[in-house]
Structure formats: C-alpha cells, structure tokens
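Peer 1: Spelled out from the first residue to the last, the chains are:
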Amino acid sequence: MKLDSAQAGRIEALVRHHQGSLRGYLAFLGCPRDWRDDVVQDTFLALLGARLELGPDAATSGYLRTVARHLFLKRRERAGRGAPLDDPALLEEAWTAFAAEDGGDGTAEALRECLALLEGRPAEVLRRHYGAGEALVTIGSALGLEVASVKSVLLRTRTRLRDCIERRRAR
Amino acid sequence: MSPRNEPEERALDDRLIDQALERHFAAPPKDLAPRVVAALAAGTPAPLTPDEVARLLAPPARGRARPWLVLTAAAALVAALFWLQRNEPPPEPAPPPLVLAPVPEARFEALLTALFEPGAHPPTEDPGLIVRELGELARALAEEPARWPRLDTALLAPERAGAAVAPLDFLHVLTDPRALAPARALWQRDPGAFADIHLASFAELGDADFRAEAEALVANAEREPCSAPVFSAAYLALHGDARGTALLDSALLDSALLTPCPDDPARALAATFALLALGASDADARWLTLVRTTVEDHLARGRRLRAAAWLEADAALRAWCAAPETFRLARLHLELLEREERRRATPLDADALARELAALKR
Chain A
1 MKLDSAQAGR IEALVRHHQG SLRGYLAFLG CPRDWRDDVV QDTFLALLGA RLELGPDAAT
61 SGYLRTVARH LFLKRRERAG RGAPLDDPAL LEEAWTAFAA EDGGDGTAEA LRECLALLEG
121 RPAEVLRRHY GAGEALVTIG SALGLEVASV KSVLLRTRTR LRDCIERRRA R
Chain B
1001 MSPRNEPEER ALDDRLIDQA LERHFAAPPK DLAPRVVAAL AAGTPAPLTP DEVARLLAPP
1061 ARGRARPWLV LTAAAALVAA LFWLQRNEPP PEPAPPPLVL APVPEARFEA LLTALFEPGA
1121 HPPTEDPGLI VRELGELARA LAEEPARWPR LDTALLAPER AGAAVAPLDF LHVLTDPRAL
1181 APARALWQRD PGAFADIHLA SFAELGDADF RAEAEALVAN AEREPCSAPV FSAAYLALHG
1241 DARGTALLDS ALLDSALLTP CPDDPARALA ATFALLALGA SDADARWLTL VRTTVEDHLA
1301 RGRRLRAAAW LEADAALRAW CAAPETFRLA RLHLELLERE ERRRATPLDA DALARELAAL
1361 KR
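Quick mapping for you: the protein sequence lines, in order, are chains A and B.
Letter 71 of the first sequence, counting from 1, is numbered 71 in our numbering, and no numbers are missing.
To convert a position in the second sequence, counted from 1, into our numbering, add 1000.
Since the hints were derived computationally from the structure, they do not count as laboratory data.
Note that the coordinates shown come from a computational prediction; the quantities given were computed from them, not determined experimentally.
Virtual Cβ for every residue (Gly too), placed ideally from N, Cα, C.
Hints are not guaranteed to be accurate.
Restricting the straight-line Cα-Cα distance to at most 20 Å, the calculated cross-link-like pairs of lysine to any residue (SDA-like) are [unchecked claim]:
| no. | chain 1 | residue 1 | chain 2 | residue 2 |
| --- | --- | --- | --- | --- |
| 1 | A | 151 | B | 1219 |
| 2 | A | 151 | A | 127 |
| 3 | A | 151 | B | 1012 |
Derived coverage of chain A by chain B (criterion: at least 3 residues anywhere in the stretch with Cβ under 8 Å from a Cβ of chain B; other residues may be distant) [claimed, not checked]:
| no. | region |
| --- | --- |
| 4 | 36-45 |
| 5 | 48-54 |
| 6 | 109-117 |
| 7 | 157-170 |
Bound conformation, chain A alone (with noise of 0.2 Å):
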C-alpha cells in the first residue's frame, strides 16, 4: 500500500495513541510478553486494512481490543495452548471498568503513588518479581522465606495496592 507522508503521519499518531492501552489489555488476558508486540500490529494492520474510521476515541479502543482479543485467541490454539479464557463480556466490563476514560493512564498514576508507600519486604518483593522477572524460589532463597510465603507477599500486597488504587481514583 502506498502510502503519503500525511497518511503514515495519522497512523503513526493513531499507534501511538493506543499501543500502551491495547499492551496492557494483552496483558490482563494473560497473553504473554514476548507475542504482545506481534498481537498489536497485527491489530492495527487488520483495523486498517478493513477501511474503518479510526481515531483517538473510545470506539476505535472497542475495535482494538475485540480485533486484539480474536487474534491473541487464535495464536494460542496454533500454540497448542487451547485453554478458553474467561467470559468476553466479563473481560470487557472489567477492563473498560479499569481503564475508564483514560486508557488506564490515571490508574497508572494512582499506582505510582500508591507504590512510594509501600516499604520493606512487599516492596522487595514486588520490585523482584515484576521488576527483575525472578522466580518465586528465587526471591524466597533470597529473603529466606518460602515459596508459599513469598505468594502470600504478593497476594496480600496486590489487595493492598487494589484498596489504594480505588480510594485514590475515588477522590
């Protein structure tokens, strides 16, 4: 397809605006780091191949994470990974709930905030886990606890940092 300069401006402008929101949607169906990438320009390739209208708005977000969601599906069934995931309309419902007007942004910004709180171990061991990538057992040997205990951590300061996130966007 040829493309003007014009045109590769409005699309380039359109994946910046939605790439952050359609990797985190990814994310929250469980699909993993290394396909995200491919998911999402294969996403704005078909979107854009269809000759739909697209823009910054909550209707083009709609078709993202619908094309996003089919797309991801049939990599896992050629991955051999088959499990259903959960209900589509309790996936989209509880995203759109998450996500609200923003893309996710102010609860982004609500969990930064929320994270400056928190000390000690939790601190410890969200930084290993979700930040180095190491293992659970990892993590245990490393502070000398289980790995049974190192879950509870991270269970437990998930729910912590649920209950800061809603109070701060509630405010």
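On the provided structure of chain A, position chain B as indicated by the hints.
Peer 2: Chain B in isolation, oriented as in the chain A frame:
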C-alpha cells in the same frame, strides 16, 4: 452489568493489578508506530480480511429482532457521521479519521444492494453493521461523484418496503446538494413520507420548493404535543421568517408542546439554538429548566444514560452557540447520537451525573 461473583471479580481485579504492575516495572516499551507504517508500506498482508473484521466487530444477535424502522432510523442518522466528519471541521482538536483505500466498485454495488434492495440485508440486530455500511457508502459517493446516479436508481426503484434503510433517512443527513434530485423524485412519489426534519434539512440545502413546504407546515401547525414542526420552524426562524420564531417561542413557552416527548432533546435544542441566535436570551433559561427537570426525573428513575443524553445535549448547544456557523439541522441528531455513544462507551456513575447536573444549575 453482567453478573460477577466475588471470587471471579477478585481474580479479574488481581489480573488488572498484575498487568498494571508489569507495565510499571517494565522498561519503556518499544514504539510500534514506525513498525506498523513500515509493514503497511511493504504490503504486509493483514491477518484478517475486511469481512472477517466486520463480523468480529458485529455484536452477537440477541433474542428477537427489533422493528426495522427503529433500527434503520437510528442507523441512518448515525451513518453519515463518518462522511460528514471528513467534510467539516471536528468539534474538538483530534487527528482526522483515516481513510486508507477507496471503496472499490464491486463493494459500492454490494452496498447498494445490501442497503436498498428489499430483503437483501441479512437479518441482524447490529445497528453498528448497517451504520458502518452506510458510512462506507457515503464515503464511496464522496470519493467518486459519478456514482450518484446509481444511488438515485437504487433509491428510486418502485418497491422499497423491507429495505434495510429508508431512502429519506439516508439522503437528508448527507448535507450534499446532490441529494436534492432524488429527494425531489421521492417527493413526487410520496410527499407523505417527508417528516419535519426531512423538509428542514432539504430546505437547509437551499431548495426553494422544500422551503415552501416547510413554510406551509409551520403555517398549518397544530398545537399538538410532539407534532409541532420545530425543525422547519427553526430553519425558517434562522432565515428571517417571523412565523417560525413565533412557533418556536410558543414551543418553549408552552411546555405541553415538549414534555410529552421528553426523550428527544433534539427538538427543544433546535428551538433554543434558533431563538438564542435571534437574540432571545430568555430561551436559555427555559432550556435549562427543561434540561434540569428532565435530568432529575431520569436520575430519580435510574435512567443514567438518558440523563447523560440530556446533559450532552446541553453541551452540544453550548458548542454550537460558541461556533454558530457549524450548526446544521441535518447534523443535529447525528451530533446527539455521537455524544450518547461516547457516554455509552464508559461506565455511567450516578454521582458524577448528579455533579454535572449541579454544575448546570450554577
């Protein structure tokens, strides 16, 4: 809201927090914009065909089909939005919509058949599918004016009952003078099919005959609830006709003319805009009273979307008052539907709506 039990809800919430944490701690992700543009420029095939995408985006059918008329009227009104947005400045700063490929001839023919051949459209309860097809058709006409005569042929075929879209509902929102020729032909055949909004929209395109019909409609207006020709009156008032102004004034003064159809803010909005444009500043107070009472009523009954629709109507009125040259009667329903759709896309919070209402009162 879909029913969600507590463990299910907690599991989903955990996953939401999980992905948010992952995003927080991860290195800044790659910008995929250049990659997508390069893939398009290199002709990388899309992983889905346009038809597959359309099927994916169509919501699943639920239960018994609703009456076609309701569906098609709403669909046709929303339809030209895509086309109109290409031709008029958007109300808010935003990148223009993307149109990447012209609509091919075969697709144009298929659209004409699907939309205007009686019974040709597959049964669907998805207004979005028809809206998308109408948007594509409007785009096809804008891209290639030589296609207009074929549209005329499709619209003017003798038997139209059972078609997916009523020709007048499509034509009047196009705001294109080329819509006048088929409109005149349809008038010759069945003038009774023309509603107030059709006459006002075609008069707005500068057609003297339709203006005369709008004048006749206003001159013979009966003071019946919901049947006062408010759109024709607004058009005439904005073009210096005192009878139009008088009818609008009475429509807003006499709440009986408007209260029986409270879920249609378009009528009251058209009347208010025209009166304000003519300098009748008290029209604003009357409009606000109507909006407040209607929103309060909807909120009290738990109808949050309807309450939001009226608040959006007020926002639309403010936007048009700020840029009166962009006001078009033919676009009025489109604008309101578009705003309502935006509201529908996000959860509606009753407290937030009440705050909006309180702000309106100040």
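Peer 1: All the hints need checking, so say for each whether the structure fits it.
Peer 2: Tested hints:
| no. | hint | result |
| --- | --- | --- |
| 1 | A:151 to B:1219 | violated, 78 Å |
| 2 | A:151 to A:127 | holds, 14 Å |
| 3 | A:151 to B:1012 | holds, 17 Å |
| 4 | 36-45 | holds (count 6) |
| 5 | 48-54 | holds (count 7) |
| 6 | 109-117 | holds (count 3) |
| 7 | 157-170 | holds (count 4) |
Going through the hint list in order, the structure does not satisfy hint 1, though it satisfies all others.
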